[in-house]
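Engineer: Residues per chain, in single letters:
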Amino acid sequence: MFGDYTLSQLGSIFVMQGFAGLILFSVYVLMALGLAIIFGQMGVINMAHGEFMILGAYVTYLTASFVQSHLPALFSVYFFVAMALAFVASGALGMLTEWALIRHLYRRPLDTLLATWGLSLILQQAFRSIFGAREVGVELPQWMLGSLPITDTIEVPINGIFVMGLTVLITVAVAYIIFRSRWGRQVRAVVQNRVMAGAVGINTERVDRLTFGLGCGIAGVAGSAFTMVGSTGPTSGQLYIVDTFLVVVFGGAASLLGTIASAFSISQTQSTLEFFMSGSMAKVITLLTIVAILMLRPQGLFALKVRK
Amino acid sequence: MLIGQQPKDFLLSVEGLTVSFDGFKAVNDLSFYVDENEIRVIIGPNGAGKTTVLDLICGKTRATSGSIHFRDRDLTKMRENEIVQAGVGRKFQTPSIYDDLTVFENLEISFPRGRSVLGALTFKRDAEVRERVHEVAEMIFLKDRLAMRADLLSHGQKQWLEIGMLLIQDPELLMLDEPVAGMSVSERVKTAELLHRIIEGRSVLVIEHDMKFVEDIAHKVTVLHQGQILSEGTMDKVKNDPKVIEVYLGH
Amino acid sequence: MSLSDGPISDTRRRLLMGMAILPFAGLLPRTAYAAAPPTSAVNTTGLAVTDTEVTVGILHSATGTMAISETGSIQAEKLAIEQINAAGGVLGRKIKFIQEDGASDWPTFAEKAKKLLVNDKVASIMGCWTSASRKAVLPVVEQYNGMLYYPTFYEGLEQSKNVIYTGQEATQQILAGINWITKEKGAKSFYFIGSDYIWPRTSNKIARKHIENFLKLKVVGEEYFPLGHTQFNSVINKIKLTKPDVIFTDVVGGSNVAFYKQLKAAGIDLSKQALLTISVTEDEIDGIGGENIAGAYACMKYFQSLKNENNVKFVDAFHKMWGEKTVIGDVTQAAYLGPWLWKLTVEKAGSFDVDKIAAASAGVEFPGAPEGYVRIHPNHHLWSKTRVGRARTDGQFDVLFETADLVEPDPFPKGYQ
Amino acid sequence: MIENTRFASRSELVGIAALALLLVVVLPLTLDVFRLNLVGKYLTYAFVALGLVLCWGYGGILSLGQGVFFGLGGYCMAMFLKLEASSPENTKIQSTPGIPDFMDWNQITELPLFWQPFHSLTFTIAAIILVPGVFAFIIGAAMFKRRVGGTYFAIITQAIAAILTILIVGQQGYTGGINGMTDLRTLKGWDIRPDHAKVVLYFVCVACLFGCIFVAQLIRHSKLGRILVAMRDKEDRVRFSGYSVANFKIFAFCVAAVFAAIGGAMFALQVGFMSPSFVGIVPSIEMVIYAAVGGRLSILGAVYGTLLVNFAKTSFSESFPELWLFGLGGLFIAVVLAFPNGVAGLWSDYVQPRLVRLVTPRKAGWSAPNAVAEGAPAE
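Chains as they are written, first to last, in full-length UniProt numbering: chain A, 1 to 308; chain B, 1 to 251; chain C, 1 to 417; chain D, 1 to 379.
Hints were generated in silico from the structure; no laboratory data involved. Beta carbons are placed, not taken as given, at the ideal position from N, Cα and C, and that holds for glycine. Please note that a few of the clues may not be correct.
What the hints assert, rightly or not - Partial chain B-side listing against chain D, Cβ under 10 Å, derived: (1) GLU38; (2) GLN85; (3) ILE97.
Stated by the list, open to error - List of simulated lysine-lysine pairs, DSSO-like, C-alpha gap at most 27 Å: (4) D/LYS92 / C/LYS209; (5) C/LYS96 / D/LYS313; (6) B/LYS220 / B/LYS237; (7) B/LYS190 / D/LYS234; (8) D/LYS313 / C/LYS121.
One chain only, chain A, in its complex shape:
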């Protein structure tokens, strides 16, 4: 398989594939972070996560169209506004969902799975009715297009760098919120002992709602970032849900670090394999490996050994 390439080409292959893997990695991390928070911290399976993401993408699309027609001067920076709006929109819908649906089902994780699947169908149809069945494209400002040549065979796309930077930023922010802020402490307290947390005066309902909202909000930002590399259609979200769940489960559901490590290994495996075999087979082998490893080590890569 290496025979057709010269040594310097192989070098470039690995650098560029590595970079392609990093972009995939960023996309996975962005999508998985929100899910990891919701699943890891609350034990809720949110099958509508992909739709929350797509909501963020549609908000970005709307913002782009609005800015383009009304404030063309600001077009080069609209993306940042769009991301903030995406966060707010998905987060708000998430909190509404928690209030209307999820909070009745905390003791029945399999039922949340079915209910949120129902929600995802409704959201899909809503997107279709509002935005049409066709994918919408978001126009990017000029500075985000193109690529930076590093050598004559190695080039790095600018939007890829942007997505990666965004990923780092959001990950750090989430880590800070969960591990450093007062609210994060409350979240962790509720995770460990709901009754006790309630007894010491933590408003557990509010914590749940905000946690769910945060998770969904991050999904919205992910969707917003995703418009740079992919398409936005009513059913785009569904394509990612299994991949994202596998990232979270493979990483060990309760661990933020695990999610990142697992996103990294999965994305690098897939993008490297893709180079040497067909996209379908690369995907099959990647998924199969994850499932096989999960069968041998169900707790995922990183898991705390706790007394149950």
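Please build the complex by placing chains B, C and D on the supplied structure of chain A, with the hints as guidance.
Structural biologist: What follows is chains B, C and D alone, placed relative to chain A:
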């Protein structure tokens, strides 16, 4: 590990047992031995590792190191159901019964026959089963509640039912985790009477806080503190051990 | 695009259609306004034909993932039916249609096809889009002896008495385009990228045989991705390394958007790098965004920007019926041909009977087609021209080339299998 | 005391008889062949729902990959039928006559090895049962022995469904790809396409369904059924009563898989083709809703639930295609939030007590038999 030493003389020999959760040693290098027909009570303050010891013996928790021999079989290498089939029965702290089934069915499921998948499929509710269920039901004061769904029982009755479910297994070693906790006074009296009857002819390992109850039944008492044995011996010896007094009264 | 009929009221639309059809009137066969022949004579097999009406079926996905693509076909078929009715109908009978939703689900297509044929006794079905749905419906129309007009360009390797293929089969679509781009660009090497299913694989097989055996050139790579795949960075890296003269793509659906965006982001400039696609029509560009694909070449039989008189009128009528913003792609136009070809064949055969229509189909001509004159080949495919267009930023194509003659359909091409 | 060798209580027998009356007499007499064939198709999904009642409702194991087994069963059947339909005379137009058409399109020139045994109907029937059974056993053994359950299991089965779909679509030379295997014609020379064949196949399907209902009832009323209920409730207690919980879960999962596979095979026979669109995640989850609507603890409910949802889908999508997804989504939420016991729960809570009062107005104290009660009273 103690190579060469055959812990055959004891029904249960626990040696060098250690388990750690993320570095925290809940049980630390614990060794003790239980004779045939001995009633052993484990006491100790909260967090001493009492329940963990039972968990380790019945296979619910896996030991980090050490061995647990039941007769000549190493329980640390066996699955929970194999441990039960070897003759170890366990009652949980909170009543653990099947709410959706009737009292009869609860007992029937615990009857030690047809435990494989095929066995369960072809299991027949024959005279032997019925007799045994009735016999046990009578013992646990639930004779006239056999057709009732278990979730309708009172807390004390649920405890009895679980004891009955163990009884029908007829284990050689019976482990009880706080069998009288949360019971009314009258239930407590009845339970003590029940326990007295069922501990005959088998070894029993009991965790209990009720000192009067402990004094009443214990052959030997083991005091656990921070995962280690603080003291061991007869109730009198333990009561007068200064280390025990220190731990129980010192703070 | 919404699935509703658009802003124009029904009566007004009919009026408009009537006006739109007038220019066609001269082209119509003589029987168009003749007195209707008795039903017993033109319908001997119990189809849903009365003295004043004939029922046909429209079978596409109005819901599900394929709704995006099939909406255009539904619109085109409805337009054609309106126009035919405004011009007097078929054998003096108005066409009434029953629309069924295949829901992007192949068994549903088969089920609904059966319903249309068995319960509704429709005289013909305009429908299907994907190969999979056609494969599911084919046994049904053959078993119950129905007539299917299938609009999509497809892989070939099929021929049925009960199907008229109004789109191009693979050799018809591909060969002329490859020849043209080879000559135009002096291409020596090709790189194939497709979605992983029968149509791209068969098309690429034909393209490869043509390039290697007839043009004696090289194919330096061939890659397939699952439908809905959105990460193309790996293959783009390979393209950068192998530097093919032409990228030849048949990626379908939502994957297209990701593919062209990532291509552009990776610095591959389509004004310099030749890319020939056989899967991107004006419909797809709507989602991809003109700025992402401008400069790419597409090889089809029809582009909305064709300047001929038929097409100008067709586009105008389409926009009046479905709104100014709707775009018309190759398949939409082919779907528009269905009802017309059926009408012409019925009138040639003088009967609605399927057997007679099947027999009469060969040689039926439709000079009024937006793509220009077409004729049904005895193998039930169409003689048609093949064109190459270049994508503009506004989502339309500049037509750069068309074959001088009609290309013969060859669903079982010798030397390409 | 009641003998426990019986497979149904009196009220259940009445229910089964009523279902039989509906499927064997009422529907065939009132529906035309087209609609009857449609019902037959829906009933193939009922096999899956039936399996889910056992493994999800009773065993507490939610599999979101039942489409995998439906697909495996269906593909086994379709492979046999496809081989029969690809006789050299039927395929003489191909470059390699005698192999399935999609292989020919993909430049495969001889029948792959794993296709060879599907010339035999006996082998095929064995494969329909064994392939999914063994596959389920492997998955189940790997997962349940390691105590993977609940949501993890759901996610992993979902991933397996995704993998199999990509594999089938990607290996189109061997599987027919996304088009699936179409144009299945005869079974041992008997044409499966004409109307009278459809009617016969409908009855075969109903017979198989009742076979599966019988097996399910048998399991439910055996001690194994009670152990499943006990396990869902207090898994640890069962384990510490000396049972290998994993083995019982594996059993339930395998039975569900085999039921689904039989459904898949009946689907291929009745509909005349098989495609990967039944294998993936979306159809798999949709099959869960059939069981949920019927009542996840009710064996007969599974059949009614399947019929109900599918009829709703067909009629809804005919008249308001846009609204169908809203309806389906709402159904998921409603069944979880408001009616966790589905149709069977509504029946036993509201309809049956009234019926009973109507029929036996004077028999005081005679309580209504509960259609969804887990395990009938012992005495």
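Engineer: Taking the hints in turn, state whether each one holds.
Structural biologist: Hints and how they fare:
1. GLU38: Hint on B/GLU38: violated, closest Cβ of chain D at ~21 Å, above 10 Å.
2. GLN85: At about 5 Å, which falls below the 10 Å cut-off, the nearest Cβ of chain D leaves the hint on B/GLN85 intact, so it holds.
3. ILE97: The hint holds - B/ILE97 has a Cβ within 10 Å of chain D, the shortest such distance being about 7 Å.
4. D/LYS92 / C/LYS209: Holds. D/LYS92 to C/LYS209 sits at ~23 Å (cutoff 27 Å).
5. C/LYS96 / D/LYS313: Holds, at about 25 Å.
6. B/LYS220 / B/LYS237: 10 Å, holds
7. B/LYS190 / D/LYS234: Holds. B/LYS190 to D/LYS234 sits at ~26 Å (cutoff 27 Å).
8. D/LYS313 / C/LYS121: Given that 27 Å is the threshold and the Cα spacing comes to 23 Å, the pair holds.
The structure fails to meet hint 1 from the earlier list, while all remaining hints are met.
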